[in-house]
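Enquirer: Protein chains in written order, with numbering that gives the first Met the number 0: chain A, 0 to 275; chain B, 0 to 290; chain C, 0 to 331.
Treat the hints with care, as some may be off.
Listed below are the simulated DSSO-like cross-link pairs for lysine-lysine, each with C-alpha atoms no more than 30 Å apart in a straight line [to be verified]: (1) B:281 with A:91; (2) B:54 with C:228; (3) B:206 with B:281; (4) C:185 with C:138; (5) A:91 with B:206; (6) B:73 with C:131; (7) C:222 with C:131; (8) C:249 with C:24; (9) A:223 with C:185; (10) A:223 with C:316; (11) C:252 with C:97; (12) B:54 with C:185; (13) B:147 with C:97.
Source of the hints: derived by calculation from the structure; they are not laboratory data.
Residue-level listing of the chains:
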Amino acid sequence: MAKKTTSVLPGFRLTLGYTVLYLSLIVLIPLACAFWKTSELTWGQFWHAVAAPRVLASYRLSFGASFLAALTNLFFGLLVAWVLVRYQFWGKRFVDALVDLPFALPTAVAGIALTAVYAPHGWIGQWLEPLGIQVAFTRLGVFVALTFIGLPFIVRTVQPVLEDFDLEIEESAASLGANRWQTFWRVTLPMLRPALLTGFTLAFARALGEYGSVVFISGNMPMKTEITPLLIITKLEEFDYPGATAIAVVMLVASFVLLLAINFLQWWSHRHHRPV
Amino acid sequence: MVPASTLHAPRRAAPRRVTAEPPFVRWLLIGVALLFLGLFLVVPLAAVFVEAFAKGVGYYFHTFNDANTLSAIKLTFITAAIAVPLNCVFGVAAAWAIAKFDFRGKTVLITLIDLPFSVSPVVSGMIYVLLFGAQGLLGPWLLEHNIKIIFAVPGIVLATMFVTFPFVARELIPLMQAQGRTEEEAARVLGASGWQTFWRVTLPNIKWGLLYGVILCNARAMGEFGAVSVVSGHIRGQTNTIPLHVEILYNEYNFVGAFAVASLLTFLAVVTLALKTWAERKNAALRGTGN
Amino acid sequence: MKIFLKLFVLLGCAFAVAAHAKEIKLLNVSYDPTRELYQDYNAAFARYWKAKTGDNVVVAQSHGGSGKQAQSVINGLEADVVTLALAYDIDAIAQQAKLLPADWQKRLPNNSTPYTSTIVFLVRKGNPKGIKDWDDLVKLNVVVVTPNPKTSGGARWNYLAAWAYALDKYGHDDAKARDFIKRLYKNVPVLDSGARGSTTTFVEREIGDVLLAWENEAHLAIKQFGVDKFDIVTPPLSILAEPPVAVVDKVAKKRGTTEVAQAYLEYLYSDEGQDIAGRNFYRPRSEKAAAKYAIQFSPVKLVTVDEVFGGWQKAQKAHFADGGVFDQIFQP
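Between the sequences and the hints, there should be enough to build the whole structure, so can you do that?
Expert: Next up, the structure:
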């Protein structure tokens with residue numbers, strides 16, 4: 000099915016060449032600088048920079064909160080996508096447009112607004128405080144900000160798949176005696192799995208690097224609520240460039256491996272589950 | 000083959016009994032979804048506008064009657080006007096190469112294009128400082144020739160381009176992959192030149208997807224904070240963009256002013272989203288009738 | 000006819016002046032809490048320079064965390080003058096980018112610091128927790144707000160002031176001072192990246208019982224948010240904060256602004272400059288201005304970084320560098 004490069008279409012060299020050139024100029028060469036700067040360190044120094052207890056604590060928070068936020072979004076994102084595609088209700092179009100808000104809203108504004116809302120005297124914070132729940136300036140705050148940032152990724156990857164979903168498949172499952180829940184769990188969900196996986200990874204990767212919205216709400220306490228991007232900034236302000244780039248390199252490699260894995264998985268599932 | 004399957008089952012057909020949930024489940028799901036969106040999206044959005052108008056409409060507009068605010072708005076628009084078209088051309092070229100041809104290393108290439116999505120904005124600003132800063136690789140040479148990149152408009156544009164790099168390409172690649180290459184091949188066989196094929200066949204097919212990508216790219220370009228903050232130098236009236244100006248006002252205890260300027264960005268975001276919804280509906284309508 | 004002649008002459012004069020008057024642009028890269036000070040001062044200096052030379056000076060401002068600003072200058076932000084929170088940051092510019100000589104601090108009077116400040120406590124109205132001295136900050140039920148010393152110059156002064164107090168109290172026992180600092184930071188729930196961020200946390204978010212702040216920031220907060228909300232408590236002992244100023248020689252030379260940049264800083268020591276500093280709640284150096292504004296500053300015993308810590312280079316290395324005391328107190 001895959002024709003090899005002898006296509007009748009023109010422009011392969013031009014477009015690929017331009018793509019690679021532009022990619023190199025804007026992304027790859029600048030990113031290579033981070034590796035170049037890191038190479039000033041010996042292995043020992045590198046290890047010391049990226050594996051100090053405070054740095055490890057920040058990885059735990061950044062990866063942990065990003066993972067939990069992406070997981071939350073996986074559930075609620077699917078729910079929102081499902082509601083938007085399958086049901087009719089008043090104001091649906093407005094809700095649909097609203098989902099993209101975190102894409103479009105500047106992160107600093109999001110951070111300030113979330114802090115104002117979730118601080119102990121904020122609109123929502125004041126109801127949570129008597130219950131002993133503190134959101135702003137705790138790990139929960141980091142989680143809230145990252146959930147905000149990641150929501151559209153899941154909804155927007157699942158929604159189109161759900162829209163193109165052939166209802167006949169669900170019907171035949173039902174006619175074979177499956178109840179609604181079984182149909183969803185055994186038939187619908189597996190079909191959505193690739194889209195969910197993509198959305199989850201994008202939300203996770205995006206949350207890992209998020210800075211602007213988190214610093215306002217997190218409290219920035221070492222070992223407790225300090226995220227990895229903040230540590231990079233801190234190192235920069237100590238004029239410790241190699242140390243900063245070393246941590247940046249660790250995050251870069253982690254993101255790259257994650258994205259690569261997901262793209263391979265997509266490619267693989269594309270090949271193996273292509274409808275005949 | 001994608002259109003073929005959509006022909007069988009009319010999309011958005013009225014849900015039939017076996018594939019619909021009982022009303023209480025339906026309302027429960029809608030309720031939970033709306034509650035979640037309310038807590039995480041609507042409340043912060045409302046907070047921005049309530050704070051912005053805390054001192055009345057007059058004060059709100061007074062905020063914009065300030066040279067520094069206006070210059071921040073101007074710089075933001077200039078930045079977007081340069082970064083978005085460049086990324087747009089790149090996105091189309093990349094999507095053409097990736098969707099219409101087979102070659103080795105495609106997955107790696109797509110991943111590299113995705114990469115700026117997940118690079119921390121802080122890191123993306125930092126790498127440009129490492130490259131163009133006075134202590135950076137090219138710094139001494141630039142200094143000698145008196146070319147300013149970092150802490151000037153070019154640096155801000157570059158950082159913005161990096162951050163918004165994948166938006167258009169990411170939108171177009173799946174779309175063009177799904178459309179396949181048969182239509183273009185047919186046009187070529189019928190004697191159209193490469194450019195004609197692109198302008199007459201491909202572009203009309205992707206225009207709404209392209210618009211969607213451009214709109215998201217533009218929204219992010221105007222709103223970027225972290226990366227731009229590292230390369231801007233924060234000179235009032237010169238190298239401040241709208242998000243940076245929001246931070247400055249906030250730090251001057253001018254909370255109402257900060258939220259007023261922020262509400263301008265939020266307003267732009269909402270307009271953008273409205274445009275996007277419109278583009279999507281056009282797109283859907285086109286797909287529906289086009290086949 | 001006469002009136003026309005007069006107009007003509009006037010117009011001619013205007014042209015002559017316009018033809019002579021140059022427009023000079025300066026960039027002053029400063030730290031966070033000086034916004035209001037330099038807003039006032041830039042206008043005053045422009046008037047002074049116009050009267051003296053006929054040239055127009057427009058001073059552009061850049062504000063941010065002191066360390067971040069220094070780093071921007073090192074990386075090529077073309078500042079004619081820097082006015083930062085602490086000497087260490089200007090030292091870094093001298094050492095790493097060699098934009099000014101290492102002995103820059105000797106070039107202007109009073110260690111190149113035309114005004115000083117200190118660290119005080121901002122508490123809620125009526126001082127409900129009865130906070131009087133540094134000792135009260137380590138009590139179990141007191142919540143303290145201070146920024147992150149790693150990223151904020153002001154926070155470093157806060158930290159060093161507390162350390163100086165502890166040394167004084169425990170007879171120069173380093174281990175006990177460290178324990179004191181550790182207990183102090185146990186009471187801190189939020190470490191904002193800058194002084195302004197901390198003030199917002201304390202004032203707007205209503206977090207904490209006491210904010211450690213620059214004296215001028217504390218006064219400004221009261222001015223901004225109302226005298227009915229906060230009180231200033233000046234502890235008996237605090238640190239003499241000396242925010243220095245310097246011309247960035249290489250940049251000024253390149254841009255041909257050396258003369259005006261030099262005058263810009265020197266004028267800070269003039270009567271008008273000192274008066275503006277006092278009006279913005281900085282402690283002026285000149286006796287005249289100091290006497291005029293004495294009423295707004297409580298008496299306090301001030302120690303210096305040089306006396307207690309042997310200078311900024313040593314203080315930075317021992318306390319704030321990677322793996323320094325500040326890092327250690329957060330290790331479990």
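Enquirer: Sort out which numbered hints this structure fails and list those numbers smallest first.
Expert: Violated hints: 6 and 12; rest satisfied.
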